[in-house]
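Colleague: Here the structure of chain V is known, so what remains is to put chain B in place on it, guided by the hints.
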Amino acid sequence: MINYKYTNKDTVIHRLNPWCKLAWIASVFILALLFNNPLYLLLLSLSTLPLVLAAKVWKEWASLLKFFFILCLLIIVINALASNRGSHVLCQIPFAIPIVGAPKITLEAILCGAGNSLRLLAIISAFTILTFTIHPDDLVLVMMKTKLPYKSVLVTSLSTKFVPALIDDAQRISDVQKSRGLEFDKGSRIQKAKNYMAIAIPLLSNSLDRAVQVAEAMESRAFGSGKNRTFYKELTMTRLDFVPLAFAFSPAVLGIAMRCLGQGGYEYYPVLQGISFTQLEAIMLIGLVLLLNMLFILAPLKRRVDLD
Amino acid sequence: MIRINNLTFRYSDTDKPALHDINLEIQDGEFVLITGPSGGGKSSLCRCLNGLIPHFYGGEITGKVEVEGLDVVEHSTKELATKVGMVFQDPENQLVATDVEREVAFGLENLAFPLKLMAKRVEEALDTVGIASLRHRTVNELSGGEKQRVAIASVLAFYPNILVLDEPSSELDPKGAEEVLNVVERLNDELGITVILIEHRLDRVAQHVDRMIVLDNGMIVSDGTPQSILSDGKVSKSGVGVPPIIKLVQGLRDKCISIDNTPLTVKEGRAALAKVMSLRAKRSNLNLSEGKVITSEAKQSLRPFAPLRASAQPLVEVKGLYHVYSGEFVALRNISLKIHKGEFVTIMGRNASGKTTLVKHFNGLLKPTKGDVVVDGINTKEITIAELAKKIGYVFQNPNDHLFADSVEQEIAFTLKNLGFKSEEMEPMIDQVLERFNLTQYRHRYPRSLSGGEKQRVALASILVAQPKIIILDEPTRGMEYKLKTELMRFLDEYRKDGRVVILVTQDVETVAEYGDRVILLSEGRIVVDGAKREVLSQALLFSPQINRLAQSLKHYGVPSDVLTADEALRMVI
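If you read the sequences in order, they're chains V and B. Mapping of the first sequence onto the working numbering: residues 1 to 308, in sequence order. Mapping of the second sequence onto the working numbering: residues 1 to 574, in sequence order.
Derived by calculation from the structure, the hints in this document are not laboratory data. It is possible that part of the hints are untrue.
What the hints assert, rightly or not - In silico lysine to any residue, SDA-like type, Cα no more than 20 Å apart, as pairs: (1) V:K59 with B:K422; (2) V:K233 with B:G420; (3) V:K9 with B:K422; (4) B:K455 with V:N206; (5) B:K367 with V:Q171; (6) V:K186 with B:R137; (7) V:K5 with B:R137; (8) V:K56 with B:T138; (9) V:K192 with B:G420.
What the hints assert, rightly or not - Example chain V residues on the side facing chain B (calculated, C-beta under 8 Å, incomplete): (10) Y6; (11) R172; (12) I173; (13) K178; (14) L182; (15) M197; (16) N206; (17) T238.
The beta-carbon is built from N, C-alpha and C at its ideal position, and this holds for glycine as well.
Chain V on its own, in the form it takes in the complex (with noise of 0.2 Å):
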């Protein structure tokens, strides 16, 4: 079963310096929205996997790529519908649309919205290392270090905590009541919605009693007593934690020069520009792809250095 919960897995990329797995995600992130070229952001999205399989979150990559299928299905469709400025056209649709009007599905069109959805598959790393490598008390901490008040990110990420125990909780109750002979679908609309109740009153209701103990069990130890919080755990930056921090955000810098040179682009439309290289490219691109996985290579490496 796939667990959509933080668990330390205590793998090297568990235990590396928050800050710098962030600066990798932001990295990431602003490539995938930088680039248009469909074989920069496959480089981009298969760059980011060696991380994923080092922090053995795979499994969790994995389960999030059906939601990634269907949001590039999603993509196609609608931009296969939507744009019609390619030149290739595979089928003319005879009647018309409201809005849209009678469109023509191209080929280009098809291939903009396959190579679009390139960048979500990058993201998908990016939102996997996240979740899954970040302690979220570590996350409590980094939005500390931005001068938000505690009590809203406590708020915060209790309510990340107590969402898998919703979910639990509703999926329950929907046994008890299909126990009880409740069939949700059957009956018209008004009954259906009537139906639900039996789900949702039980589910709230036990929700505000959950409320009341936590807020009961934290009063009982000391919340909010007025004095300042000192912190159990700090994130401190030693210096060497510099050398990933900075290795972490270099693909974006890189990146950005990249595209101010001038590559990485693409036009899909009126018909597929051909993909060429300079050699100046070439390096680069292999130089951006290599960056992307030195958090990979100086990880272990700092470990080490931290035992010694």
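Modeller: Using the frame of chain V, we list chain B on its own:
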């Protein structure tokens, strides 16, 4: 030191006081067990000790509560936090951080402890509770018992003089409960921390406590040593679950067989009973080795209730059942069994051994990955859950998951409506079930506003009103008070005698010892034993009831080694 004078407290949304004229003094280092029926005021009393009452709950408080010299009305819960550590019932709802270390540090952070002192305190709290090895684990991957120990460590970090635990083991399986209670006993024993414990499982803790207080209707009914309170018949009549050994001793005393000290442990019980037996043997001049102290009629009385196996077709038949969750976790492996009319079957096993997964196949909530489940002649693959619901009732553990209607009457009618009963048929059925479960007076009340025991009865009534041929109960007795438990079990025992089937999932050995006749023991998704209760329980180590452990040592007096309950033992000895 806790001093309570004339304490009366009323929650703002009720008319009746939850606590009425309480006077109590608890000395440093005492181990106090508070027990009594649910709604008796146990939790309310605990909440007064760290100021949750009145600061968090509001309401009306009179009298005086002094903890370590601090008046709880004048001092806030936050100030009291370092004096009184509170541990609550549900481990899920009292942990806020993601990993164990930070959880333990949470309270210290709130009080702005400097980092160095915090590190030392966390270290000590983890060691004291014996969870240092879990320090880097995330909280949500721990077992219930481990979570509860984290909760204890997290209040111990304050170095409190007093530890208050409100039913800390009621949400846990027996193993988890054992872990938690062991820790609590050690804290009192070795560190001299005053412990105030609310607990139903008296057989487990009675021998360790110095003092027992029984609360009922918001008043202190009894207060004294566990021996004096438990041997007093008055307490057991007020609905407090007395351990089987005490029940046996009471029975013997009723027959004018004197027993000097009330035994609280199996060991003490063995000694006391051996004395009784040897005395009797001497008096009647019998040769012990022939085992004639016990009459053969008495032995005969151990015969089990014979299930009605006359019908050729079983009500439930499972053939080669496998269940795999998400294509990964194999929860059930090759399960085959038959359940006939009139059987009362108990399914036991550790947590995650597949008990619930198995019974969810009976009413179609889960479908087999491989194999077949046939209920009343119909394969569950060919029928909807709603249709199966006419044959099978399934009672889940927590009544709060059941109840949603505006009145008790509607709650019960909801099931009947789903199952397609007509409204004119429903009326007498509802009347009858309300009567049966003693709920007639609550007919028009909002079910969620009832007390815990009443809610449980409404949930049961809402299932049993349709008179299903098979009824499944998943851990119904966990955290349930004794009186209600006995009522429920007696009802189920009657229910099956009309040719119906009762299937009980439980880890409560003492209940199984008294009721039911067949035990299926699961482990890691396999059936380990499936047999008559007497055989299974009398040969088990972990799953053997208190009286059976006692009887094992009296074999040479001719006491059969498969005696399971106090009543049976009594019949043997007298």
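Colleague: Run the structure past the numbered hints and jot down the numbers of the failing ones, going up.
Modeller: 1, 2, 3, 6, 17
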